[in-house]
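Undergrad: Chain by chain, the residues run as shown.
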Amino acid sequence: MEPWQLEPARDTGLTPAERFRSVRRESGLLESMAQQACFSVLRLYFSIAHRLTISGRDKLPAHGPFVLAANHCSHLDALVLGAALKPRHRERAFPIAAGDVFFQTTAVSMFSAIMLNALAMWRKSCGPHTLAELRRKLQEERGIFIIFPEGGRTRTGSMMPFKHGLGMLVAETNVPVVPCGLIGTFEALPPNRNVPRPVRINLLIGEPLNFAAAPNDRDGWSQIARSVESSIRILIGQ
Amino acid sequence: MNDTAWQRLFGYRHAFDNHVTVFVIVTVVALLVLAPLPIFVTTRAAKITPEKRKELWDRYRSWIWLALCIVIPILAGAFWTILAVGTLSLLCYREYARITGLFRERTISFIVVIGILLIAFAALDNWYRLFVALFPLTVALIAIGGLIPDQPKGYIQRVGLGVLGFALFGSALGNLGYMANDWNYRPILLLIIFAVELNDIFAYLCGRSFGHRKFVPNTSPNKTVGGALGAIILTTPLVGVIAHFIWINTALDNPICLLGLGIIVSVVGQFGDLMLSSIKRDLGLKDTAKLIPGHGGLLDRFDSLILVAPAVFHYVGYFVGFGAGQPQRIFSGL
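Read top to bottom, the protein sequences are chains A and B.
Per this note's numbering, residue 1 is the first one in the first sequence, and the count goes up by one each step.
Per this note's numbering, residue 1001 is the first one in the second sequence, and the count goes up by one each step.
Do not rely on the hints blindly, as some may be mistaken.
[As the list claims (entries may be wrong)] Computed Cβ-Cβ distance ranges for the label pairs, DEER-style: (1) A:P3 to B:K1286: 53 to 61 Å; (2) B:C1069 to A:A37: 54 to 62 Å; (3) A:G127 to B:Y1128: 55 to 63 Å; (4) B:L1205 to A:L44: 32 to 40 Å; (5) B:I1148 to A:M115: 40 to 48 Å; (6) A:T15 to B:P1038: 24 to 32 Å; (7) B:Y1128 to A:A17: 39 to 47 Å; (8) B:W1065 to A:N192: 37 to 45 Å; (9) B:Q1007 to A:N192: 56 to 64 Å; (10) B:K1286 to A:T53: 50 to 58 Å.
In short, the hints are calculated from the structure, not lab data.
Values in this document were obtained by computation on a predicted structure and should not be read as measured data.
Ideal placement from N, C-alpha and C gives every residue a C-beta, glycine not left out.
Next comes chain A alone, as it looks inside the complex (with noise of 0.2 Å):
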């Protein structure tokens, strides 16, 4: 008889307060449907508020894993992004968000984790550790990742250079990444405002891209890093 493959929460072992600042985290039932439901009311506000549409929608691959990778000028990018996904993706969607902003508190936390599934990326101090970890979620637990390649929200409305950590993630794997080009975030809730205006809203998605021959070293984080960059820029016209 063949023995039962019992694997316990990777999360296992954690207090609370950890486990939300965790990358470790599996979400369970009731943050599952938390999730669908958060989700679902904010496509709603984005189709009536902001008029949202979605162009390209059908390039998305049918299933995790993959990564969504957009252009970052406003809080609201990573709403639009999960809430564009299908309700059977939104499960496995994760959001990667600046730790110093969403889990900063116990209390911050516990919503960025439980209503958004965000994993926490630390700015100043993301280890290898971390790098690693985030990789082998991608992987083996089909996730989708939305990531900001750019590092934090642009302040004047033009995109940033890229960095390498979405190189770093997908290096060497087969892994898609979906360059998503946002218009619209910035005018509705640019980073020196607390509450959005109900300006249109555009999600562009382009063709995905596949870097398995792409180096796993610091030349093929800046190629991905490069390469991603431009089919964004070519999406929103900058």
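Go by the hints and put chain B onto chain A.
TA: Just chain B, lined up with the frame of chain A:
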């Protein structure tokens, strides 16, 4: 809803009607007030590492919170008691599903959660036929839910885990909630919980004092025969005497039956403890979670209660029964 049901569900003014309730609460408060003394003495006298000392104090602080979470709903009314037991069932199932990996099977988890909620409703409603029907029906639903992914590989595992989870945390623990349909539920529940937790402590203390022979070294290396027997010897008369005052002048109120109740609480309580040890050892884990400082997860704390609840429910049910004279189907029968 008639006044009797209302008073039982929400009548906090009846909290201290029974002398046994007062006695148990006073004892718990006294133990909690006096507990720092031996902790203080041991941490001073013995050479104890700072981590161990912190763990002891964490454990003590957690006991105060746990005692409040147990005692307040029971005193407040049957409604709050059943709500608390339902919440405990859900949280215990959550821990179990996470350590076994069953939480990844969303359909089965959803069915178990619905089953637990319905068990809580049946208890609240005092609808015994629904309460009894829910076990086979939920099992059938879990077996059906396991078919949905259309993947025969792993079917027995996911359905088996789901059924075990519902049996332990929905059905077995649900008996504790159903006991709240008795007018005299406060002393009964306080006695069971108090005795089961004290039984654990007795086993630990006796094991430390005169336990030499290992009991089940593969399952739980720290358990000794001395600890197990000591707990039975101490818990049985304690339960017997308190139970005599609860069920005075009933069919249960004779020395043999009362001692039987005491033995059930002590023996089955220890088996519940061993059951969780086996589950943890099978999975290679030390604790089920890190929720309660000094204790581990909720399952680590309430493991002994899970099997005691149905055993006591049906033992007492055989002689006396629960909820005599209480209105049935309070909500569904309107």
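Undergrad: Each hint should be assessed against the structure and marked as holding or not.
TA: Here is how each hint holds up against the structure:
1. Against the hinted window of 53 to 61 Å, the Cβ-Cβ separation of A:P3 and B:K1286 comes to about 21 Å, which falls outside the hint.
2. Checking the proposed 54 to 62 Å range against B:C1069 and A:A37 shows it is violated: the Cβ atoms sit about 28 Å from each other.
3. For A:G127 paired with B:Y1128, a C-beta distance near 58 Å keeps the hint of 55 to 63 Å intact.
4. The hint said 32 to 40 Å for the Cβ distance between B:L1205 and A:L44, and at roughly 60 Å that hint is violated.
5. Our hint of 40 to 48 Å for B:I1148 and A:M115 is violated, since their Cβ atoms are close to 27 Å apart.
6. Between A:T15 and B:P1038 the beta carbon distance is about 28 Å. The supplied range of 24 to 32 Å therefore holds.
7. Distance hint check: the CB atoms of B:Y1128 and A:A17 are about 42 Å apart, consistent with the given range 39 to 47 Å.
8. Under the hint 37 to 45 Å, the C-beta atoms of B:W1065 and A:N192, about 44 Å apart, fit the expected range.
9. For B:Q1007 and A:N192, the hinted distance range of 56 to 64 Å is satisfied, since their beta carbons lie about 59 Å from each other.
10. Separation of B:K1286 from A:T53 is about 53 Å and conforms to the stated range, judged on CB atoms against 50 to 58 Å.
The structure is inconsistent with the numbered hints 1, 2, 4, 5, although it conforms to all the rest.
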